[in-house]
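Those letters in the sequence shown? Residues 7 to 198, per the working numbering, in order.
It is worth saying that the hints were derived from the structure and are not from the lab.
One or more hints might be untrue.
Quick list of the computed label-pair ranges, beta carbon to beta carbon [as the list claims (entries may be wrong)]: (1) LEU81 x GLU128: 20 to 28 angstroms; (2) ALA161 x GLU16: 21 to 29 angstroms; (3) ASN127 x ARG95: 21 to 29 angstroms; (4) ARG187 x SER24: 40 to 48 angstroms; (5) LYS103 x ALA130: 25 to 33 angstroms; (6) GLU128 x GLN88: 20 to 28 angstroms; (7) ASP165 x SER48: 29 to 37 angstroms; (8) HIS160 x GLN190: 14 to 22 angstroms; (9) ASP165 x ARG76: 16 to 24 angstroms; (10) SER134 x ARG187: 24 to 32 angstroms; (11) SER48 x ARG187: 29 to 37 angstroms; (12) ASN70 x ASN194: 39 to 47 angstroms.
Cβ atoms here follow ideal geometry from the backbone N, Cα and C, with glycine treated the same way.
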Amino acid sequence: MARTSAFDKEAAIQNARSVFWSKGFEATSIPELENATGLSRSSIYNSFGSKRGLFDAAVDSYLNEIVRPRLRPLLQDPVPSQALGDYLRGLAAVFAKPESLPAAHGCLLINTASAPIAAENEIAAIISAYREELDEAMGRGLHALRPDLSVERHALLSDTVTGLVVAAFALVRISPSEAVRLLQCAENLLED
């Protein structure tokens with residue numbers, strides 16, 4: 007198969023992202039990627055350099071198309087006071103739909119954090135940066151909602167809400183109802 011155009015390349019990345027998201031990097035085979043992307047093995051290697059190169063492109067796609075649009079209201083200036091509650095309720099609504107990709111597969115990066123590939127420095131740095139981006143978004147949303155909090159209380163509550171979001175993503179594949187409950191707990195903490 008000839009090298010793909012930019013549009014086809016994006017579609018191939020999105021299709022590969024779905025496979026990596028559902029199976030993980032290590033469990034995804036090249037034949038599965040060939041089937042999902044419509045690319046031959048040689049085209050995958052010519053376009054992305056390796057399976058890992060395709061995975062890296064899928065992670066970038068995941069961050070830019072799935073994660074950051076949901077976080078955008080928490081990272082804008084000014085942050086609307088209801089943005090954090092909206093984020094938590096919106097995520098809970100997605101988790102409550104078993105057919106949604108996040109409910110079925112959790113978070114691509116949180117899943118990757120517990121996989122062998124996470125031992126690679128570059129992947130560990132991407133996961134760490136994602137965690138920091140999530141924590142910054144939660145902190146900004148919390149400050150917009152509760153500017154009255156002391157610095158110490160703000161830091162503690164922000165870390166707790168971020169931890170509950172991460173835990174919800176980790177649990178959603180096993181127990182969507184427990185993941186939703188954790189997000190509801192996070193939302194309840196905002197009112198204390």
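> Which earlier hints turn out false for this structure, listed by number in ascending order?
Replying inline: 2, 3, 4, 6, 7, 11, 12
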